[in-house]
Each structure stands twice: as C-alpha cells, then as structure tokens.
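Produce the complete structure using the sequences and hints provided.
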Amino acid sequence: MNDTIEAQPQERKWPAEGVSRVPAWIYSDPEIYARELEVFHYGKVWNYVGLDCEVPEPNTFRRSWIGERPVIITRDADGEIHVVENRCAHRGSLLCWQNSGKAKDLTCPYHHWSYSLKGDLMGLPFLRGVQGKGGMPRDFDKTKNSLTKLRVAVRGGSIWATYSDETPPLEDYLGEEILTRLDRLVSRRPLRLVGYSRQVVDSNWKLYWENSRDPYHATLMHPFLSTFGILRTDGDYHSVPLQEGRHEYTYSQYDPELRNRTSEASAQIKSIKTTLQIQDTDVVNSVVDEFNDGMMGAFQVFPTILVQQYFNCLVVRHIIPKGVGKHELVWTYFGYADDDEQVSELRLKQSNLVGPAGFVSLEDSEVLSLMQPVVEGSPHALQVLEMGGHGTEAQSTMMTETLIRAFYDFYRREMGL
Amino acid sequence: MGTLASTATPAIADRAALRDFYEDYAACLDAEDFAAFPDFFTDDTLYQVISRENHDAGLRHAPIYCSSRAMIVDRLMALKEAALYQPRSLRHFISGVRITGEEGAELHAQANFLIVESLLEQDPQVLMVGRYLDRIVRTTEGLRFAERSCVYDNYRIRTTLVIPV
Amino acid sequence: MSVEWVRVAAESDVVEGEPFASEYGENAIALYRYEGTIFAIGDICPHEDVRLSEGWLEGDRIECPLHQSCFEIRTGKVIEGGPAYEDVAAYDVRVEDGAVFVRAAG
Numbered sequence: 000m001n002d003t004i005e006a007q008p009q010e011r012k013w014p015a016e017g018v019s020r021v022p023a024w025i026y027s028d029p030e031i032y033a034r035e036l037e038v039f040h041y042g043k044v045w046n047y048v049g050l051d052c053e054v055p056e057p058n059t060f061r062r063s064w065i066g067e068r069p070v071i072i073t074r075d076a077d078g079e080i081h082v083v084e085n086r087c088a089h090r091g092s093l094l095c096w097q098n099s100g101k102a103k104d105l106t107c108p109y110h111h112w113s114y115s116l117k118g119d120l121m122g123l124p125f126l127r128g129v130q131g132k133g134g135m136p137r138d139f140d141k142t143k144n145s146l147t148k149l150r151v152a153v154r155g156g157s158i159w160a161t162y163s164d165e166t167p168p169l170e171d172y173l174g175e176e177i178l179t180r181l182d183r184l185v186s187r188r189p190l191r192l193v194g195y196s197r198q199v200v201d202s203n204w205k206l207y208w209e210n211s212r213d214p215y216h217a218t219l220m221h222p223f224l225s226t227f228g229i230l231r232t233d234g235d236y237h238s239v240p241l242q243e244g245r246h247e248y249t250y251s252q253y254d255p256e257l258r259n260r261t262s263e264a265s266a267q268i269k270s271i272k273t274t275l276q277i278q279d280t281d282v283v284n285s286v287v288d289e290f291n292d293g294m295m296g297a298f299q300v301f302p303t304i305l306v307q308q309y310f311n312c313l314v315v316r317h318i319i320p321k322g323v324g325k326h327e328l329v330w331t332y333f334g335y336a337d338d339d340e341q342v343s344e345l346r347l348k349q350s351n352l353v354g355p356a357g358f359v360s361l362e363d364s365e366v367l368s369l370m371q372p373v374v375e376g377s378p379h380a381l382q383v384l385e386m387g388g389h390g391t392e393a394q395s396t397m398m399t400e401t402l403i404r405a406f407y408d409f410y411r412r413e414m415g416l
Numbered sequence: 000m001g002t003l004a005s006t007a008t009p010a011i012a013d014r015a016a017l018r019d020f021y022e023d024y025a026a027c028l029d030a031e032d033f034a035a036f037p038d039f040f041t042d043d044t045l046y047q048v049i050s051r052e053n054h055d056a057g058l059r060h061a062p063i064y065c066s067s068r069a070m071i072v073d074r075l076m077a078l079k080e081a082a083l084y085q086p087r088s089l090r091h092f093i094s095g096v097r098i099t100g101e102e103g104a105e106l107h108a109q110a111n112f113l114i115v116e117s118l119l120e121q122d123p124q125v126l127m128v129g130r131y132l133d134r135i136v137r138t139t140e141g142l143r144f145a146e147r148s149c150v151y152d153n154y155r156i157r158t159t160l161v162i163p164v
Numbered sequence: 000m001s002v003e004w005v006r007v008a009a010e011s012d013v014v015e016g017e018p019f020a021s022e023y024g025e026n027a028i029a030l031y032r033y034e035g036t037i038f039a040i041g042d043i044c045p046h047e048d049v050r051l052s053e054g055w056l057e058g059d060r061i062e063c064p065l066h067q068s069c070f071e072i073r074t075g076k077v078i079e080g081g082p083a084y085e086d087v088a089a090y091d092v093r094v095e096d097g098a099v100f101v102r103a104a105g
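Residue numbers (numbering that gives the first Met the number 0), protein chains in the order written: chain A, 0 to 416; chain B, 0 to 164; chain C, 0 to 105.
Keep in mind that a hint or two might mislead.
[As the list claims (entries may be wrong)] Pairwise CB distance ranges (calculated):
hint, chain 1, residue 1, chain 2, residue 2, range
1, A, Glu385, B, Leu83, 19 to 27 Å
2, A, Leu369, B, Asp32, 21 to 29 Å
3, B, Phe92, A, Thr142, 51 to 59 Å
4, B, Asp152, C, Asp59, 52 to 60 Å
5, A, Asp138, C, Gly97, 40 to 48 Å
6, C, Ser11, A, Ser92, 41 to 49 Å
7, A, Asp140, C, Ala104, 34 to 42 Å
Just so you know, the hints here were simulated from the structure itself, not pulled from any lab data. Heads up, the beta-carbon is just placed ideally off N, CA and C, and yes, glycines get one too.
So this is what it looks like as structure tokens:
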C-alpha cells in the first residue's frame with residue numbers, strides 16, 4: 000500500500016470493515032487532530048477540569064486545561080466556582096502564571112488589565128490616558144471585554160466546563176450509570192487533595208484513550224495484576240459501553256482468594272509467577288473496604304478523564320492533548336476530608352500501583368510512546384479489533400475489544416468519518 | 000544553612016564519608032544493581048520520589064512511596080519480575096552534598112541530583128533533576144538512609160519513572 | 000501615628016476640580032476642594048500601589064488611573080464596581096492663616 004507515491008493527499012475514508020478496523024492516520028493527521036479539538040473539547044461536551052478541593056476556599060484559583068486551551072478554575076468571594084480561559088482579553092497573553100493560589104482578582108502581567116474571579120474586566124490602566132492624552136476611545140465598553148467564560152457544572156466534588164450552550168445538562172451528558180459511579184467516589188464526603196503526578200507521553204491522545212478501554216492487554220502487559228491476584232482473566236469482569244460508545248465503565252468484584260487458585264486461563268498466561276511474594280501486602284489488598292461493596296472499577300467520561308479505583312487509591316486521570324503526537328496525563332489523587340491516618344497511609348502506599356511509576360501503569364506509556372512513530376510511519380495501515388467479535392455490545396469478559404469498537408462507532412459519527 | 004561545615008567534625012560522618020556514601024548509591028543505580036539497593040536503607044526508612052509541586056504544597060502523594068525497606072524490596076522485585084520497560088542506561092550526577100544539621104544520632108543532609116537517561120535509537124535526555132533531602136544514621140554496617148526524599152523539579156515526568164531515583 | 004496637626008499645603012494650592020498630592024508623615028495623601036470645602040484622603044489605591052490623585056476626578060469621586068476603582072473624596076469610601084474592596088483613610092482638615100493642616104481622624 001505504501002509502495003506508490005500519492006500525488007494527491009488521500010481523502011480520509013474509514014475502511015469498509017467498519018469499527019473492527021482503525022486506520023493509523025487518525026493518530027497522526029494534524030487536520031484530524033484539529034477537527035477533534037473543535038468537535039469534541041471545544042464543542043458539545045462537558046470537559047472535566049478539576050476537583051473542588053483544588054480551590055478549597057473563597058478567593059482561590061487553580062489552572063487547568065481544556066484541549067490545548069489553558070483555563071483557570073476560580074472560587075469567588077461568595078464560594079461560587081467559575082471557569083475562564085487563561086487568556087487576557089486584551090492581547091491574548093497568559094493571564095495567570097501561578098499554578099494555584101489565593102487572589103481577589105486576576106491581573107494580567109503584561110498591561111495590568113484586571114479581572115474579577117468571575118472573569119469580568121474591572122479595570123485597565125490609563126483608560127482615560129495621562130494628562131488628557133492617549134487612553135481608550137470613549138465608546139470602549141469594559142463589559143464587552145471580559146475573559147472567555149465557560150459554562151460550569153459541579154457534581155459532588157467534580158468540576159466540569161463546556162464551551163457550548165447546546166451541551167445538555169451535565170447529569171444528562173453523564174447518564175445514570177456514570178453518575179452512580181462518579182457519586183460513589185466524589186459526592187458522598189467532602190474531598191481532600193492527596194497530590195498530583197504529571198506525566199508527558201509522546202503519543203496521540205487516542206492511543207491512551209483506547210488503552211484504558213482495553214482489558215485484553217491488562218493481564219498480559221501488566222503482569223503485576225495477575226501475579227498479585229488483583230485482576231485475572233478468569234475473574235468476574237464486565238466491559239460496558241454507554242451512550243453508543245461515548246463513555247464506558249468496567250468493573251470487577253475483588254476476590255482475595257483469586258491468587259491462590261490456578262485455572263486453565265491463568266496457566267495460559269506465562270507472566271503469572273505464583274512463586275512471587277510481596278512483603279508489604281497493604282499495597283495489593285483491600286485492607287479497608289471503604290465503600291462496603293468490594294468493587295474495583297474504572298469509568299471513562301469522554302473526552303477527558305478515566306477514573307480508576309484500586310482498593311483505597313482514588314485517582315482521576317486527566318488526559319490533555321498536546322499536539323497530534325503528544326499528550327499529558329495529570330493524575331489527581333484524592334481522599335476524603337475525614338480520612339484517618341490508616342486510610343491516608345493506605346492511599347499513599349497503593350498509589351504505587353498507578354501513575355508514572357505505577358506497577359500496573361508504567362508499561363502503558365512505554366508501549367504508547369514506542370507505538371507513535373510506528374503508526375506515523377504507516378498512516379494507511381489498519382489496526383485489527385476483532386477480539387470479542389465485531390460488535391459494540393457490553394460483554395462480561397476481559398477478552399474483548401468491544402469498548403474500543405464502541406468508541407470508534409461513536410467517534411466516526413461525531414467526526415463524520 | 001550549613002551549620003556543620005568542614006571546620007566542625009560531625010560525630011556521625013564527615014562530608015567526605017557522606018560523599019562516598021552518595022557516590023556508592025549512584026553507582027548502584029547506574030548499574031541497576033537491584034539486589035544491593037535496599038541495603039542503603041534502614042528497615043523503617045521512608046524512601047519517596049516526590050514532585051517539588053507536591054512537596055512545596057504540603058501534598059503527600061509521591062509517585063514512588065516506600066514507608067519501609069520491605070516496600071523498596073517489593074518495588075524492585077516487581078520491576079524485575081512483573082514489569083515491562085525498554086532497556087535504558089541511567090547516569091546519576093550528584094553535586095552540592097551538604098550536611099545541614101545533626102539531631103541525636105541522625106545526620107541531616109542534602110544534595111542535588113541530575114539523572115540522564117539513554118534509550119535505544121534516541122539521544123540521551125535529562126530524565127530528572129532535583130534534590131535529595133536525607134536523614135542518615137550510622138549502623139554497624141555503615142551509613143543508612145532513615146529517610147530519603149527525592150524532590151524532583153520536573154513539572155512532568157517524561158514517559159515513565161522506572162528505576163528508583 | 001501622630002495625631003499632631005501637620006501643615007500639608009498652602010490653602011491656595013488646593014483648587015476646585017484638581018487633586019493636590021501631599022504627604023502626611025509617611026502617608027501619601029491627596030487634598031480636594033469640593034464646593035469650597037477642603038477634604039483630605041489617603042492617596043494610595045488599596046488594590047495596587049498607585050497614587051489615586053493621578054487618576055480622574057469627576058464630581059466628588061476620584062477614579063484610580065490603573066483599574067478605575069472609585070473613592071468618595073469627602074469620606075475615602077470605596078464605591079463598588081472596581082477591583083478595590085477597601086476604603087482609603089479620611090483625615091481631619093483645618094485651614095488657618097492661608098495654610099492647610101491635617102491630622103489622622105480620631
């Protein structure tokens with residue numbers, strides 16, 4: 000296919016096989032990437048931007064990102080949360096340089112235009128000039144030069160923003176299944192910020208998006224999972240696409256006896272080494288079942304986050320595209336304001352599992368950063384997604400790519416591909 | 000600031016001995032000698048690799064968090080037996096070793112680190128730069144870290160953090 | 000702070016419609032003549048470090064040159080709408096023998 004030199008750029012056409020094939024150009028074509036940002040991040044979606052414990056009190060702010068646009072989350076003097084672009088309405092300079100802090104207003108370092116935490120332009124230097132000279136024209140209207148303000152929705156301790164007036168209410172956008180799972184983690188008790196890990200990965204953001212919809216790879220590429228009985232191919236596992244592929248969730252009932260059982264499936268996986276023993280078993284066990292349901296699971300809210308719980312390690316993975324071949328992963332670890340020392344320590348210990356140095360996640364960024372140059376080298380090559388058939392329905396197994404197919408079903412409709 | 004400079008002779012170790020200890024530690028990691036690495040720590044050590052962002056904000060999360068020597072042993076076993084990563088060469092450069100205080104049987108010290116990573120088909124790159132903040136004790140076997148906090152200045156970790164810092 | 004009366008201007012310095020900048024000890028102040036009477040208020044905007052007297056005087060209000068926070072020249076009170084939240088100080092004023100004296104308000 001790559002033997003012929005094409006005189007004209009090929010029109011982007013999805014392969015005839017449908018969603019069981021993915022063309023590699025979707026990971027490297029800058030025009031596709033630009034369209035994704037317009038259609039998704041800047042379009043009719045709710046973007047996760049942060050947690051309310053990151054702006055813990057009135058007159059605080061924290062920076063975040065929506066697509067490639069920097070934004071600021073603010074909590075004003077009345078406690079209300081706002082999301083505004085971190086871009087001065089005057090000349091487009093980066094308004095807020097500090098990552099987080101306390102402030103009563105936001106003043107641009109360049110020409111000192113000053114905005115309220117709601118994003119309204121309050122004043123600008125020398126509006127009336129100096130000694131009768133210079134200054135803004137008489138018809139300059141401060142109210143028409145506010146920061147770009149986004150629509151904001153808060154659900155429990157999570158903060159969301161959208162550029163579009165047409166985005167349905169957040170509750171409808173998320174749907175019952177996601178709401179239940181989100182509320183379980185962020186709406187029952189006030190949140191406490193445990194900290195961040197930030198990671199930059201040289202791959203298209205969708206490769207990570209697919210990776211977290213891919214239970215098939217989990218026990219193969221992350222041998223730690225099966226070795227220490229956290230997840231195993233013969234365990235209880237469900238892969239459920241939602242809203243025709245837009246979101247998804249997976250869950251499993253944690254079984255502490257799983258590691259001690261051998262079975263046909265585990266025998267097939269060479270990576271399982273039953274002789275290995277971990278000394279500090281707090282890291283790989285449900286010591287405190289804080290939700291009283293024995294559940295472990297993950298869910299994705301398109302297009303920004305994967306929320307995954309391993310035991311007491313609670314973390315939001317925020318995927319921020321940084322150009323067609325690069326993305327940033329912001330891992331925001333959280334707990335609850337009333338956590339005792341035992342649970343706080345467990346959260347810290349179990350966070351060794353996931354993150355840039357995580358026992359069950361470090362392989363992901365390794366494989367994806369090595370994959371990106373390969374997909375760029377063969378843009379017309381096709382990826383095969385037939386594990387679990389050709390459909391996009393929910394399946395009760397890890398051995399399926401149904402969630403990725405469901406995603407591309409959704410993606411093609413939205414992108415017109 | 001350096002209250003115990005070279006003029007005073009600290010009871011636990013002098014700067015030259017400390018320097019040797021740090022160089023041995025760096026050589027151990029450069030050689031990926033995972034079997035020897037836990038021996039630099041006491042049994043109830045705190046070994047963590049934490050971002051300056053979290054450290055300065057008083058946030059406790061650390062991408063590598065080991066609250067005992069056993070957890071260090073576990074991490075190294077997991078890397079060796081249950082993790083997949085590209086082969087790499089690391090070089091640790093440690094400078095500015097300073098003794099910052101002494102408290103009972105413990106020495107407080109710090110140093111700068113720079114880690115350069117070389118991967119297949121790529122030019123070497125700075126993996127991480129930051130400071131070691133240490134509490135060190137003398138045991139019958141020699142100096143040991145009662146605490147080593149590796150506070151990295153990088154805002155983001157590039158790709159992964161595999162080998163301890 | 001001293002509660003002594005301090006001479007800060009000649010009476011003729013302070014004219015209707017023009018702020019007059021002066022100092023009271025270490026404090027920057029501004030004098031205003033409004034409908035014949037002289038008033039003295041703090042001259043540094045509580046929002047950012049700038050002299051209000053370099054701003055725009057309109058009626059009984061002085062507007063900060065930087066971000067348009069407004070203050071009443073007779074009382075120092077901030078008027079809502081700008082980025083400043085706090086009032087500036089108002090001083091007692093006495094005119095005697097062609098000179099203006101102020102002291103911190105008791």
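Hints and how they fare:
1. In this structure, Glu385(A) and Leu83(B) meet the distance hint of 19 to 27 Å, their C-beta atoms being roughly 24 Å apart.
2. The hint said 21 to 29 Å for the Cβ distance between Leu369(A) and Asp32(B), and at roughly 26 Å that hint holds.
3. At roughly 56 Å, the beta carbons of Phe92(B) and Thr142(A) sit within the given window of 51 to 59 Å.
4. For Asp152(B) and Asp59(C), the hinted distance range of 52 to 60 Å is satisfied, since their beta carbons lie about 54 Å from each other.
5. Hint check: Asp138(A) to Gly97(C), Cβ distance near 45 Å, so the stated range 40 to 48 Å holds.
6. At roughly 46 Å, the beta-carbon separation of Ser11(C) and Ser92(A) lies within the given 41 to 49 Å, and the hint holds.
7. Checked against the hint of 34 to 42 Å, the pair Asp140(A) and Ala104(C) passes, with Cβ atoms roughly 38 Å apart.
In summary, this structure violates none of the numbered hints.
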